[in-house]
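Chemist: Chain residues, written in single-letter form:
2 protein chains.
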Amino acid sequence: MAKDKLIGVDLGGTTIKFAILTKAGEIQQKWSIKTNVLNDGANIVPDIVESINHRLDMYQLDRDRIIGIGMGTPGTVNRELGTVTGAYNLNWTKEQQVKTAIEAGTGFNLTIDNDANAAALGEAWRGAGNNDAEVSFITLGTGVGGGLVANGKLIHGTAGAGGEVGHMVVEPNGYLCTCGNRGCLEQYASATGVVRLAQDQAEEYVGVSTLKKMIDDGDEVTSKIVFDLAKQGDFLANQVVNKVAYYLGYATATISNILNPSAIVIGGGVAAAGEYLRSRVEQHWTTYAFPTVRASTRVKLAELGNDAGVIGAASLANQ
Amino acid sequence: MAKDKLIGVDLGGTTIKFAILTKAGEIQQKWSIKTNVLNDGANIVPDIVESINHRLDMYQLDRDRIIGIGMGTPGTVNRELGTVTGAYNLNWTKEQQVKTAIEAGTGFNLTIDNDANAAALGEAWRGAGNNDAEVSFITLGTGVGGGLVANGKLIHGTAGAGGEVGHMVVEPNGYLCTCGNRGCLEQYASATGVVRLAQDQAEEYVGVSTLKKMIDDGDEVTSKIVFDLAKQGDFLANQVVNKVAYYLGYATATISNILNPSAIVIGGGVAAAGEYLRSRVEQHWTTYAFPTVRASTRVKLAELGNDAGVIGAASLANQ
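If you read the protein sequences in the order shown, they are chains A and B. The numbers in our numbering rise by one with no breaks, and the one at position 235 of the first sequence is 1014. The numbers in our numbering rise by one with no breaks, and the one at position 301 of the second sequence is 1080.
Since the hints were made in silico from the structure, they are not lab data. For clarity, every value in this text was computed on a predicted model and none was experimentally measured. Among the clues, some could well be false.
What the hints assert, rightly or not - Examples of chain B residues lying across from chain A (beta carbon under 8 Å, computed): (1) Asn815; (2) Val816; (3) Asn930; (4) Thr1033; (5) Ile1037; (6) Asn1039; (7) Ala1051; (8) Ser1075.
C-beta: ideal position from N, C-alpha, C; glycine also.
Bound conformation, chain A alone (with noise of 0.2 Å):
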């Protein structure tokens, strides 16, 4: 029987979610489990495992027509060994054995990536990238990766920290970081960054404003909340939305001006403020792109949502 299927895996902090796609990456069959993170995580490869026996045997899928899995994990990767280590919402703090523990459980190959290179795979493929070769992807999370498409193929760089967009430095004598540097991307544009630009400005600010109230009134406020209210016309959350926009802009400026992709991608959740954040975005990025990459190089919202995952993870399969 021609092999015809691939299976992708995104395997997350809260879910795994699984699917099984057409080689041309259509999704036939979706479904997610809980991540078992007790036990040092002990438990998550062999849920994996189960779990996509479990729906082939339902599913009654010959396992001949699988081509194999693809899977896409947060910590560092070593995708030749298969190996994982320091991916800490998964409590896998020592290195962990993936591939072969995966390939042993269920008689198909692995490949791994990193969970952004991953979901980069998948809008590029699939998304906004619409297959071609030269794809520039940015996740704003709670923290701010990437994963870049160039050739066709991920840049993982010599020691796979190619990509690491969440730590290019926007801003000299900046913030400090979690990985020790100061002014790093990830400090200005993830959930937590803006957040705290929320928190700077808002000690600055004399005029009206809810955010402003909320966060003298000690209220939780996510980034979010900051995007509707900038929405809705709030001043200093306007402001903050702007310089959001302006540290992305002249990010996504900097990659594009080195990469030239076609497009560049943004996505995760901050992304959810949609073409308001990206409209934004754009007026900055027009300002620092080079001439000929404005002209050919586009800003783009991510379109697969919590699919780019699974889908990407399934491409890893298929080369």
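Using the hints, position chain B against chain A.
Modeler: Frame of chain A; chain B shown alone:
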């Protein structure tokens, strides 16, 4: 007879350099001719053809042994069509059909790319890059150019502007650039940029300085003079070099954070300042490089000098 020789051509505004190389990139013969830019540069392509044919006869090299010709050229290159536009230092203002003319005149296949990309390939293959698949190259001359190799291939981007590192904005709202944007690296780290920085800083400087005296006297100041005076302890010159090193350190760190190459290689005329410049660039680079990048990427000086162009050009024919 087995094909085992490459021809590399480095087309410049003053000279055209040629070399015959082994498949492994060893130069066996090297020569150059003056670039005749008269007559809208109409003689350039015929001169290249004639020079190659003449030398092959002179060396009595069997033409069947030639794998092909690779050429680096100024201007905007259409690699598929083999055309060049906007090579102003050659007086090629209109589109030039280079590939078909050289192929017809020599009987060999021609592959072309822009000169910075060719030099990058040369350094990546046989120079400071040690034939690694991940090498970034930045060249500091009249302008600032670059070539980026990832996964063993040049990054051209969707419209050929990949690697335009001279137009990364390193100083938002900084000096106006010829490209129309403000604060491009080229305005701070090219030979003319160094002089401009010196002139600007001289205006504000009130201490004793040979550099200041030269500028105030209207003497011609070059970037070489600025570096030489800095080495001799001139306070103002030292301040200028430190500023240049800051911008270069910041820009190379950003490139490194995005691509995580094994080496970021600095070449071109300004890099003739050697280890004196490199070590100062590295100092600033260290401040802005992501920890994993700091541990795995190296800031290096180019090693091939003027040969980078012909060697890299030859490698184009080897693919």
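Chemist: To test your reading of the hints: which numbers does this structure violate?
Modeler: Result: hints 1, 2, 7 break, sorted rising.
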